[in-house]
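**Student:** Quick mapping for you: the protein sequence lines, in order, are chains A and B. The opening residue of the first sequence carries number 1 in the numbering used here; numbering runs sequentially from there. The opening residue of the second sequence carries number 1 in the numbering used here; numbering runs sequentially from there.
No wet-lab data here; the hints were simulated from the structure. Some hints could be false.
[Claimed, not checked] Straight line, CA to CA, 16 Å or less: simulated EDC-like cross-link-like pairs of lysine to aspartate or glutamate:
id, chain 1, residue 1, chain 2, residue 2
1, A, Lys-44, B, Glu-92
2, A, Lys-58, B, Glu-92
3, A, Lys-44, B, Glu-96
4, A, Lys-46, A, Asp-57
5, A, Lys-46, B, Glu-187
6, B, Lys-356, B, Asp-195
7, A, Lys-44, B, Asp-154
8, B, Lys-317, B, Glu-75
9, A, Lys-44, B, Asp-195
10, B, Lys-283, B, Asp-339
11, B, Lys-45, B, Glu-75
12, B, Lys-317, B, Glu-92
13, B, Lys-283, B, Glu-329
14, B, Lys-317, B, Glu-337
15, A, Lys-91, A, Glu-81
16, B, Lys-45, B, Glu-316
17, B, Lys-45, B, Glu-96
18, B, Lys-45, B, Asp-21
19, A, Lys-46, B, Glu-329
20, B, Lys-39, B, Asp-21
21, A, Lys-91, A, Asp-78
These figures come from a predicted structure and were not determined experimentally.
As a plain string of letters, each chain reads:
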Amino acid sequence: MKTRSKGKATASSQTTKARKTTGKRPKSAPEANATAPRLARVAKGKRPQYFSDPAIDKILWITLTLCEELSVTRDRLDTVERLLEKRRVLKVSDVEHYRPDDKTEALREQRRAVYIDRVLRAVSAELEELAGRAEAPPLEEVIAAVES
Amino acid sequence: MTSAASRRLLQHGMLPQPTHDEQARQAFVTSFRGHLAAKVAPGAKPVYERRARPLFASQHGREPRDQHDVRRALEADPYYQFWSAMQRRSQELMWEAVIDPTERNWTQLVNRARASNTSRAGSSGSLELDPTLEVPRYHTAVDIHLQPGGYHTDFGADDVAAGAIYDRALNIYLNGALGPRNALMGETLLGFFRDRWPQRAPRRILDMGCAIGNSTLPWAEAFPAAEVHAIDVGAPVLRYAHARACEFGVPVHFSQQNAERTHYRTGSFDLIVSHIMLHETSKSALGNILSECHRLLTPGGLMLHLEIPRGSTPLEKFLFNWEAYNNNETFGAHMTEVDLPAIARRAGFDAPAVIKHRIERAPEQQLYSSETVWNVLTAQR
Numbered sequence: 001m002k003t004r005s006k007g008k009a010t011a012s013s014q015t016t017k018a019r020k021t022t023g024k025r026p027k028s029a030p031e032a033n034a035t036a037p038r039l040a041r042v043a044k045g046k047r048p049q050y051f052s053d054p055a056i057d058k059i060l061w062i063t064l065t066l067c068e069e070l071s072v073t074r075d076r077l078d079t080v081e082r083l084l085e086k087r088r089v090l091k092v093s094d095v096e097h098y099r100p101d102d103k104t105e106a107l108r109e110q111r112r113a114v115y116i117d118r119v120l121r122a123v124s125a126e127l128e129e130l131a132g133r134a135e136a137p138p139l140e141e142v143i144a145a146v147e148s
Numbered sequence: 001m002t003s004a005a006s007r008r009l010l011q012h013g014m015l016p017q018p019t020h021d022e023q024a025r026q027a028f029v030t031s032f033r034g035h036l037a038a039k040v041a042p043g044a045k046p047v048y049e050r051r052a053r054p055l056f057a058s059q060h061g062r063e064p065r066d067q068h069d070v071r072r073a074l075e076a077d078p079y080y081q082f083w084s085a086m087q088r089r090s091q092e093l094m095w096e097a098v099i100d101p102t103e104r105n106w107t108q109l110v111n112r113a114r115a116s117n118t119s120r121a122g123s124s125g126s127l128e129l130d131p132t133l134e135v136p137r138y139h140t141a142v143d144i145h146l147q148p149g150g151y152h153t154d155f156g157a158d159d160v161a162a163g164a165i166y167d168r169a170l171n172i173y174l175n176g177a178l179g180p181r182n183a184l185m186g187e188t189l190l191g192f193f194r195d196r197w198p199q200r201a202p203r204r205i206l207d208m209g210c211a212i213g214n215s216t217l218p219w220a221e222a223f224p225a226a227e228v229h230a231i232d233v234g235a236p237v238l239r240y241a242h243a244r245a246c247e248f249g250v251p252v253h254f255s256q257q258n259a260e261r262t263h264y265r266t267g268s269f270d271l272i273v274s275h276i277m278l279h280e281t282s283k284s285a286l287g288n289i290l291s292e293c294h295r296l297l298t299p300g301g302l303m304l305h306l307e308i309p310r311g312s313t314p315l316e317k318f319l320f321n322w323e324a325y326n327n328n329e330t331f332g333a334h335m336t337e338v339d340l341p342a343i344a345r346r347a348g349f350d351a352p353a354v355i356k357h358r359i360e361r362a363p364e365q366q367l368y369s370s371e372t373v374w375n376v377l378t379a380q381r
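Okay, chain A solo, but in the shape it has when bound (with noise of 0.2 Å):
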């Protein structure tokens, strides 16, 4: 048989103050939680594996956050241009019939390139390896090397 042993979840000391606190609608704004806990973010139970490589489970996991974090940030451009045309500093077409001069242009190539090598590099290191450039001796030699 159950215990009944119930009662209102409230502990009374708490709550004057925090009628005071809740009265407005709390802000937006990120603010600290001293009390606030650590909430879970992973689940209990074990996650089903769907490749048959874990390792493309976890890039797809990976990739697909990108992807969410590559929308927020163009949802966040998005805001600051319809704010700075609310605030007359530009209009949204501004920046659709911006044409970059030939200095920009040329650094934003440049830039363009690097990025492109940087994402690409677990392509491009597999070419550095077969060309013998970037050839390493087996971990033993390594190992023993440093261990001279």
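Let chain A serve as the given structure and place chain B on it in line with the hints.
**Tutor:** Quick look at chain B alone, frame taken from chain A:
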């Protein structure tokens, strides 16, 4: 496609306020899930028919016989693997996107719930928690729907996080299909009840497995003269449910009880309802809950349990059970084969029936099926 405004959740005081980027994350997950539902998931059928099924037949020398054969066939298919892995990740992203603002707003939410519990008690229902209640194993074994901590974990004193997280996530999960107050399931079952028993005005109503009370409120609003009770095993969702009901000014008596054995007196209710609760329980719990319904109902009283259909073909059955294998809805797979009316008869009901109830839904709000049909386990004491 339905308009963004019609899919938006109505803001109330217990919903955490997301920052710009948190809101953008939630919006992304909504769009991503909508894409998976409308564009990717429907591909499972042609992929199965044209690729996975023939391959299975050639490898096994026979056609797939049941949902388990379909599972073996599809799990080896790259399209299914990618869809499943993305569907799974979308569910995890959903919780992450909702947990961040909840954690940041945690103190304000708990304080607001505390205040509503005292200042408006009496005029707006009640909240009774039972710290001695043992949360059943079918809740604690794994986190249902991958919600970290499930419906029952208190991360701090007087926690309401599980409820706040669930409220927002429910809106994202079905792309707003449950409406601005997440009330569609309650409204659907209420409509079912009014169609069939237009003369009845229940005086005492019990909602079992109410979680945040989103499906309870339509009943309380439809029958203001009735006393409405709602129970759940999870303390944080109940604290949230009561505070949320106060925000909407709807009086409901929430209490922490196990539907398998409540402490209400025999014959306490003339109407007992539940909204997609049965498939989150267990084999033994199912029988116990229906027996408890029989005990709690007055003679002539009704029980109505809204449930998710489980498909008819082996492929449909497998797809509906995707959530069982990939979304910690473990008991869902068992529900596919269960004979609910038979269990209700064993619980003492004379003529129980499962009645199909069809509703409209946009493609991006659908899951695993092009048509949306609910099952209602219906029985009179």
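**Student:** Next, verify each hint and record whether it holds.
**Tutor:** We went through each hint and held it up to the structure:
1. For the given pair, A/Lys-44 sits about 12 Å from B/Glu-92 by alpha-carbon distance, which is consistent with the 16 Å threshold.
2. With a C-alpha separation of about 13 Å, the suggested pairing of A/Lys-58 with B/Glu-92 holds against the 16 Å cut-off.
3. Distance restraint check for A/Lys-44 and B/Glu-96: the Cα-Cα separation of roughly 14 Å lies within the 16 Å cut-off, and the hinted pair is therefore satisfied.
4. The straight-line distance between the Cα atoms of A/Lys-46 and A/Asp-57 is roughly 14 Å, inside the 16 Å bound, and the hint therefore holds.
5. Distance restraint check for A/Lys-46 and B/Glu-187: the Cα-Cα separation of roughly 35 Å exceeds the 16 Å cut-off, and the hinted pair is therefore not satisfied.
6. Of the supplied pair hints, the one linking B/Lys-356 and B/Asp-195 holds, its CA atoms being roughly 13 Å apart against a limit of 16 Å.
7. For a cut-off of 16 Å, the pair hint linking A/Lys-44 to B/Asp-154 stands: about 15 Å separates their Cα positions.
8. Note on B/Lys-317 and B/Glu-75: the hinted pairing holds, with a Cα-Cα distance of about 15 Å set against a maximum of 16 Å.
9. At roughly 41 Å between alpha-carbon atoms, A/Lys-44 and B/Asp-195 are farther apart than 16 Å, so this suggested pair is violated.
10. Among the hinted pairs, B/Lys-283 with B/Asp-339 is consistent with the structure: their alpha-carbon atoms are about 11 Å apart, no more than 16 Å.
11. For the given pair, B/Lys-45 sits about 13 Å from B/Glu-75 by alpha-carbon distance, which is consistent with the 16 Å threshold.
12. Straight-line distance between C-alpha atoms of B/Lys-317 and B/Glu-92 comes to about 24 Å, which puts the hinted pair past the 16 Å bound.
13. As the CA atoms of B/Lys-283 and B/Glu-329 are separated by approximately 13 Å, the hinted pair is consistent with the 16 Å bound.
14. With a C-alpha separation of about 10 Å, the suggested pair B/Lys-317 and B/Glu-337 falls inside the 16 Å cut-off, and the hint holds.
15. Among the hinted pairs, A/Lys-91 with A/Glu-81 is consistent with the structure: their alpha-carbon atoms are about 8 Å apart, no more than 16 Å.
16. Proximity of B/Lys-45 to B/Glu-316 is assessed by CA-CA distance (about 9 Å); at most 16 Å being required, the pair is judged to hold.
17. Our distance criterion of 16 Å between C-alpha atoms is broken by B/Lys-45 and B/Glu-96, whose separation comes to about 30 Å.
18. A C-alpha spacing of about 36 Å is found between B/Lys-45 and B/Asp-21, which places the hinted pair above 16 Å, so the restraint is violated.
19. Of the supplied pair hints, the one linking A/Lys-46 and B/Glu-329 holds, its CA atoms being roughly 12 Å apart against a limit of 16 Å.
20. This hinted pair does not check out: B/Lys-39 and B/Asp-21 have alpha carbons roughly 26 Å apart, beyond 16 Å.
21. In summary, the hint linking A/Lys-91 to A/Asp-78 is supported, as the alpha carbons are separated by about 12 Å, within the 16 Å threshold.
Hints 5, 9, 12, 17, 18 and 20 from the earlier list are contradicted by this structure; the remaining hints agree with it.
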